[in-house]
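Novice: Protein sequence lines, in the order shown, are assigned to chains A and B. So in this note's numbering, spot 26 of the first sequence is number 26, and the numbers just go up one at a time. So in this note's numbering, spot 60 of the second sequence is number 60, and the numbers just go up one at a time.
It should be emphasised that the hints constitute simulated quantities derived from the structure, not laboratory data. Hints are not guaranteed to be accurate.
Each computed DSS-like pair below joins lysine-lysine, with the alpha-carbon atoms no more than 25 Å apart [stated by the list, open to error]:
#, chain 1, residue 1, chain 2, residue 2
1, A, Lys-130, A, Lys-161
2, A, Lys-74, B, Lys-8
3, A, Lys-161, B, Lys-6
4, A, Lys-63, A, Lys-74
5, A, Lys-63, B, Lys-8
6, A, Lys-176, A, Lys-161
Distance ranges between label pairs, derived from CB positions [said to hold, decoys possible]:
#, chain 1, residue 1, chain 2, residue 2, range
7, A, Glu-52, B, Leu-45, 14 to 24 Å
8, A, Gly-11, B, Lys-8, 28 to 38 Å
9, B, Gln-68, A, Gln-163, 41 to 51 Å
10, A, Lys-161, B, Asn-72, 46 to 56 Å
11, B, Glu-44, A, Lys-161, 37 to 47 Å
12, B, Gln-68, A, Ile-62, 25 to 35 Å
13, A, Ser-183, B, Leu-45, 18 to 28 Å
14, B, Pro-42, A, Lys-150, 42 to 52 Å
Covered stretches of chain B, going by a simulated chain A footprint (3 or more residues, C-beta under 8 Å) [stated by the list, open to error]:
#, stretch
15, 44 to 52
16, 62 to 72
For glycine and all other residues, C-beta sits at the position ideal for the given N, C-alpha and C.
Okay, here's what each chain looks like letter by letter:
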Amino acid sequence: MILVCGGIKGGVGKTTVATNLAVMRSLTGSDVLLVDGDPQGTASGFAAVREEVLANCGFTTIKLSGNAVKTDVKRLAEKYDDVIIDVGGTDSIAQRSALLIADVYVTPFKPSSFDLWAIEDTDALVADAKAFNENLKAICILNMADSQGKDNSDAADIVEKMQNLSYQNTPLGSRKAFRNAASSGLSVIELKPRDEKAIAEIQAVYNSIYLV
Amino acid sequence: MAIRLKPKTADEFVSQAAAVSVTEPKAVEIKDPEVKFVVRIPRELVEAIDSDRTSHPPKQSRNSWIIQAVVNQLKKVN
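Chain A with its partners taken away, still in its complex shape (with noise of 0.2 Å):
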């Protein structure tokens, strides 16, 4: 499965869903390719660090940029079980060429006013790049939820309104564990002390993706 982790507003937690479920499904045995196509590079950083860390970063990381996101993964998808890639979070040449490989297009967002115009705009993306991949499946999450209030749901009832992304009710709450794990090269599951609240968030992510 070639996952992308994208959208076009950048610090919504793509590369944190990414470089956990990267870990989380390499722990399953699967071969798994990460490939960074973002600029700032997080999603390498992260694999320098745990590879640092573990001394085993337990999956491939590459860098790629433009056009090169298509044609090289297309080639390497082959020899792994599993590809999951990062973009940056911004209309590019990057994103819109992970789009036409995509199996699967997870899109975070923040239950935020500006957040919410840009799903938008995403979702008209996500129309255009249907047109050529017409199996992509592009589902959008909410994360750094708030733990009280109404703002989840309000902006869950205007994400169910799209009508290229579907709303997976699978919510990733603000928590410290999330950026803990991330500054030490692991995943949430990882992470000691557990945070349990984190781990079954992000664990009904990977559930939803990866074992329908």
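Following the hints, complete the assembly by docking chain B onto the known chain A.
Specialist: Chain B in isolation, oriented as in the chain A frame:
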């Protein structure tokens, strides 16, 4: 709202990407007589430092961590 033209081909879809390319950085000479030097740092090095800074949020002093990151990257380069 910008008018969206429906792409006719996959190549056209990709070429419609709206991201603006980053301009080439230029060296800036400081005219102040007390501060007279030009810093030239490879872009890759700056990106690597920024990446490290992002993935390792500072715990005590942001400035001291950044300096440490620069030192680490310089060691790798050399």
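Novice: Now tell me, hint by hint, if it's right for this structure.
Specialist: To see whether the hints hold, each was checked on the structure:
1. A hinted pair counts as satisfied when its Cα atoms are at most 25 Å apart, and Lys-130(A) with Lys-161(A) qualifies at roughly 18 Å.
2. Straight-line distance between C-alpha atoms of Lys-74(A) and Lys-8(B) comes to about 22 Å, which keeps the hinted pair within the 25 Å bound.
3. Proposed proximity of Lys-161(A) and Lys-6(B) is supported: the alpha carbons are some 22 Å apart, at most 25 Å.
4. Pair hint Lys-63(A) plus Lys-74(A) holds up; C-alpha atoms about 15 Å apart against a cutoff of 25 Å.
5. For the given pair, Lys-63(A) sits about 29 Å from Lys-8(B) by alpha-carbon distance, which is inconsistent with the 25 Å threshold.
6. A threshold of 25 Å between alpha carbons decides the hint, and for Lys-176(A) with Lys-161(A) the separation of about 31 Å lies outside it, so the pair is violated.
7. Judged by the Cβ atoms, the range 14 to 24 Å given for Glu-52(A) and Leu-45(B) holds: they are separated by roughly 19 Å.
8. In this structure the hint that Gly-11(A) and Lys-8(B) lie 28 to 38 Å apart at CB holds, the actual value being about 33 Å.
9. Checking the proposed 41 to 51 Å range against Gln-68(B) and Gln-163(A) shows it holds: the Cβ atoms sit about 49 Å from each other.
10. For the pair Lys-161(A) and Asn-72(B), the supplied restraint of 46 to 56 Å holds, since their beta-carbon distance comes to about 48 Å.
11. Range check, Glu-44(B) to Lys-161(A): Cβ separation about 43 Å, and the 37 to 47 Å hint holds.
12. For Gln-68(B) and Ile-62(A), the Cβ-Cβ distance of about 27 Å falls inside the hinted range of 25 to 35 Å, so the restraint holds.
13. Between Ser-183(A) and Leu-45(B) the beta carbon distance is about 21 Å. The supplied range of 18 to 28 Å therefore holds.
14. At about 49 Å, the beta-carbon gap between Pro-42(B) and Lys-150(A) stays in the expected band of 42 to 52 Å.
15. Requiring three or more residues with a Cβ within less than 8 Å of a Cβ of chain A, the coverage given for the stretch 44 to 52 of chain B holds, as 5 such residues are present.
16. Evaluation of the coverage hint for the stretch 62 to 72 of chain B: breached, as 0 residues show C-beta separations to chain A shorter than 8 Å, against a requirement of three.
Consistency with the previously given hints fails for numbers 5, 6 and 16, ordered from lowest to highest.
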